[in-house]
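This note's numbering puts the first residue of the sequence shown at 11, with every later residue one more than the last.
Because the hints were derived from the structure by calculation, they are not lab data.
One or more hints might be untrue.
[Stated by the list, open to error] Simulated restraints on C-beta separations:
| id | residue 1 | residue 2 | range |
| --- | --- | --- | --- |
| 1 | VAL89 | PRO18 | 23 to 29 Å |
| 2 | GLU78 | GLU37 | 19 to 25 Å |
| 3 | PRO15 | ALA75 | 19 to 25 Å |
| 4 | ASP76 | GLU37 | 30 to 36 Å |
| 5 | SER54 | SER113 | 36 to 42 Å |
| 6 | HIS55 | GLU104 | 29 to 35 Å |
| 7 | ASP12 | THR66 | 19 to 25 Å |
| 8 | MET11 | ARG101 | 36 to 42 Å |
On a predicted model such as this, the values are computed, not experimentally measured, just so you know.
The beta carbon of each residue, even a glycine, is placed where N, CA and C say it ideally should be.
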Amino acid sequence: MDHVPHDPSGDTEAVDGVHLAQLAAGENMSVQHFSIEPGAEVPSHSHHHEQAGFITAGALTFVLADGEEVVCEAGDSYVLAGEEVHGAENRGDERVEGIDVFSPPRPNPDWQE
Numbered sequence: 011m012d013h014v015p016h017d018p019s020g021d022t023e024a025v026d027g028v029h030l031a032q033l034a035a036g037e038n039m040s041v042q043h044f045s046i047e048p049g050a051e052v053p054s055h056s057h058h059h060e061q062a063g064f065i066t067a068g069a070l071t072f073v074l075a076d077g078e079e080v081v082c083e084a085g086d087s088y089v090l091a092g093e094e095v096h097g098a099e100n101r102g103d104e105r106v107e108g109i110d111v112f113s114p115p116r117p118n119p120d121w122q123e
């Protein structure tokens with residue numbers, strides 16, 4: 011078993027107001043914590059990883075390639091297929107917090123380089 015304590019000093023600001031922390035990673039999946047400040051957004055992108063997530067605080071608006079918008083609030087979970095184009099925006103007044111799981115693992119994503 012690997013135990014990976016979260017050290018906030020290792021968090022990365024991927025884009026303005028979007029903080030990401032790489033957590034545990036195994037052979038078939040990896041876990042990431044995120045926090046997104048009010049007004050901040052994750053630009054539209056895609057990756058080959060399947061992504062499943064859970065919102066623990068706030069509300070996050072996902073913007074998909076076809077313009078569809080999906081709002082996920084605290085307690086909601088979601089799945090994005092590999093190569094699915096998506097972005098995300100915090101349109102609320104509260105910080106969004108959540109956890110993402112990636113398969114295959116995403117131990118060294120672009121935002122760490």
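How does the Cβ-Cβ distance of SER54 and SER113 compare with 36 to 42 Å: does it lie in that range?
Taking Cβ atoms as reference, SER54 and SER113 lie about 21 Å apart, which means the hint is violated.
Is 23 to 29 Å right for how far apart the beta carbons of VAL89 and PRO18 are?
holds (27 Å)
If you check the beta carbons of ASP12 and THR66, does the distance land in 19 to 25 Å?
holds (22 Å)
Is 36 to 42 Å a correct range for the gap between the Cβ atoms of MET11 and ARG101?
holds (39 Å)
Do the Cβ positions of ASP76 and GLU37 conform to the proposed distance bound of 30 to 36 Å?
holds (34 Å)
Is it true that the C-beta distance of HIS55 to GLU104 lies inside 29 to 35 Å, as the hint says?
violated (24 Å)
Is it true that GLU78 and GLU37 lie within 19 to 25 Å of each other by Cβ?
violated (33 Å)
Quick one: are PRO15 and ALA75 within 19 to 25 Å, going by C-beta?
violated (37 Å)
When held up to the earlier numbered hints, the structure conflicts with 2, 3, 5 and 6 and fits the remainder.
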